[in-house]
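Q: Line order of the protein sequences matches chains S and B.
Numbering follows the working numbering, with no gaps: position 56 of the first sequence is 65.
Numbering follows the working numbering, with no gaps: position 37 of the second sequence is 171.
No lab work stands behind these hints: they were computed from the structure.
Do not take every clue at face value.
[What the hints assert, rightly or not] Which chain S residues face chain B? A few, computed with CB under 8 Å, are given here:
| id | residue |
| --- | --- |
| 1 | 23 |
| 2 | 137 |
| 3 | 149 |
| 4 | 171 |
| 5 | 187 |
| 6 | 190 |
| 7 | 216 |
| 8 | 217 |
| 9 | 222 |
| 10 | 223 |
Where a beta carbon is used, it is the ideal one built from N, C-alpha and C, also for glycine.
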Amino acid sequence: MNILVGISKTPETTAKIEFSEDGKSFKSEGVNYIMNPYDEWYALVRAIELKEVHGGEVTVINVGTISNETVIRKALAIGADKAVRINKETSSSWDTASQIAAYAKEHSYDIILIGKETIDYNGGEVGGMLAEHLGVSFISFASKLEFDGSVFTVEKDIEGGVEVVELNGPFVLSAAKGLAEQRIPNMRGIMMAKRKPLEVIEPISDEGFVTISQFTKPAEKVGIKMVDPDQMDELVRMLSEESKVI
Amino acid sequence: MILVFIEHQSSQYKKATLETLTYARKVANMTGKECVAVVLGANTNVAELGKYGADKVIHVTNEQLNSFDDKLYTQAIGEIATKQRASFIILTNSSIGKHLAGRLSVRLKAGCVSAVNKLPQIADSVKVQRGVFSGKAIAEYEIKSDLVIISIMSNSIPVEESEGKGVIETINLELPPNVIIIKQIKKVEGEIPLPEAELVVSAGRGMKGPENWGIIDELADVLGATTACSRPVADSGWRPHHEHVGQTGIAIRPNLYIAIGISGAIQHLAGVNNSKVIVVINKDPEAPFFKAADYGICADLFEVVPRLTEALKKFKNSN
Ligand SMILES: Cc1cc2nc3c(=O)[nH]c(=O)nc-3n(C[C@H](O)[C@H](O)[C@H](O)COP(=O)(O)OP(=O)(O)OC[C@H]3O[C@@H](n4cnc5c(N)ncnc54)[C@H](O)[C@@H]3O)c2cc1C
Ligand SMILES: Nc1ncnc2c1ncn2[C@@H]1O[C@H](COP(=O)(O)O)[C@@H](O)[C@H]1O
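One chain only, chain S, in its complex shape (with noise of 0.2 Å):
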């Protein structure tokens, strides 16, 4: 089974999020970036365990400029057969998927997957634009993907509960918490690593309609007030004479 996954780079989880005095970008200086946890944790993990039991191969895919080659060798370390990096600083989500899309169409492979959002943008566009490009389904948000030899059977979260949904390939798929468990590279993962092929392509240009006009940060909070632990009737007021929430 050939499978190609979309992997990108976040800052890491508790990096301060800065922006620059006019609030049009992000300041990246002295953030620590890591491979987006749900790329690493659970789509590509699963990817190799597939590939382990049907044979195959599995790609790992970035759109992103040199510094994340730090990352993709990670996740050739974790086990992905080959890389390919398409060189540019990826502009916007629809961006990100035409620049997939335009590689994926020239191989073919039986299934795609990404990440259910990356936590940095949060967007969770990718995937349904990279389907489409392809003409393929996209099933969101997988805890579980099962493939016995001609049908592909995935659970997935919906609200409230799971939906179990059968179909064949390829479709795109994207990973929540739960498909797989993570993979902590070893040495000999990441010195195989290094002799594992990263071809690197220039993007098709294609820019989308979307741009970031401002960030800013969310209001602080006034200040806590602290409640006598044996006065829990005045929270209650206060919760609904204060606040109004209940």
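With chain S's structure known, arrange chain B with the ligands on it following the hints.
A: Using the frame of chain S, we list chain B with the ligands on its own:
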């Protein structure tokens, strides 16, 4: 026209769906355009939508649309949007909405922004806003296409009833057969799903073990709240995965979030810091959660939670 896609379950509408319709009604008023609700699949309750502001309801009754299939839904909505020259397509930021936003965007060559949480600013271009960096910042997006596709985050706008003519048009489209077969739906019974809940009671590792959750359930029952938990709690199997909130779980924005025995790690806060009011119960005065809270109680949760439940019972009975 303003096209609003209406999700339904056995002809019933969730609060989030009616919020989306209310939002669309307001955009229609802002632009002086018609608010057209699109309903796909069998539904006996389309007339209801007029009450929340739909001027027209287009009900597509093809059998293939009775269960969700993202390609068919995209085709149906896409065709209607093109034929009726939609200037907005408004979706709910739900599991279904997540499938459709990106697809429709590519199909109709339109800019899309998901999880929008405020009404748009409409001038030469359209500006909308949403949370980014897991709620640690807000971004304003500018959309420069003729057609704008947005999905609305739940609890961003209160449901309002308003006049709409609600004229119903029933149609059938030419559609291919389904490719996705739904085998089973496992629902969590009786609870309001977390993303929609206005009141949430959440607990963490301070609970010591799953056997102690009785006091959390009682508190949630009295409040009519939905329960949630921190990640290690879900990871250790103390609570089901769908209760996990935070950066790698569900992001929520209820009116009230009560955090019990949760330290308030940055990844946890990322999923809940947009809650309107946060109450923190923790025995450690240094717990970082207190910095993000509106009300704090520094005490042993096993003593204070039953007391809070009692106080709420008293309050409910006297009201
Ligand atoms: C990449 C990444 C992503 C993550 N994503 C998430 C996420 O989405 N959601 C999430 O929740 N976490 C997430 N985490 C984990 C997060 O960093 C914390 O480890 C986690 O939130 C801690 O859970 P907790 O507060 O329940 O437990 P703890 O940190 O162990 O805190 C327990 C708290 O209970 C208090 N307590 C103990 N006993 C009592 C008592 N008797 N009475 C009152 N208080 C008591 C303690 O003082 C303490 O503050 C993520 C971590 C990483 C690295
Ligand atoms: N620059 C990128 N390169 C490759 N894949 C990406 C990139 N950005 C996002 N993705 C994939 O698309 C998923 C959803 O991203 P998003 O729609 O931006 O939230 C991510 O989890 C990745 O799997």
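Q: A separate judgement is required for each hint: does it hold in the structure or not?
A: Each hint, compared with the structure:
A cut of 8 Å between beta carbons decides the hint on residue 23 (chain S): the least distance to chain B is about 5 Å, and the hint holds. For the restraint placing residue 137 (chain S) at the interface with chain B, the shortest Cβ-Cβ distance is roughly 3 Å, inside the 8 Å limit, so the hint holds. With a cut of 8 Å, the hint placing residue 149 (chain S) at the interface with chain B holds, because the nearest CB-to-CB distance is about 5 Å. Look at residue 171 (chain S): its Cβ gets to within about 5 Å of chain B, closer than 8 Å, so that hint holds up.
At its closest, the beta carbon of residue 187 (chain S) sits 6 Å from a beta carbon of chain B; the interface hint therefore holds under the 8 Å criterion. Evaluation of the residue 190 (chain S) hint against chain B yields a violated restraint, the C-beta minimum of about 10 Å exceeding 8 Å. Using the Cβ-Cβ criterion of 8 Å, the hint placing residue 216 (chain S) at the interface with chain B is not satisfied: the shortest such distance is roughly 10 Å. With a least beta-carbon distance of about 7 Å to chain B, the hint placing residue 217 (chain S) at the interface is held under the 8 Å criterion.
With its C-beta approaching chain B no nearer than about 4 Å, residue 222 (chain S) sits inside the 8 Å limit, and its interface hint holds. Using the Cβ-Cβ criterion of 8 Å, the hint placing residue 223 (chain S) at the interface with chain B is satisfied: the shortest such distance is roughly 4 Å.
In summary, the numbered hints that this structure violates are 6, 7.
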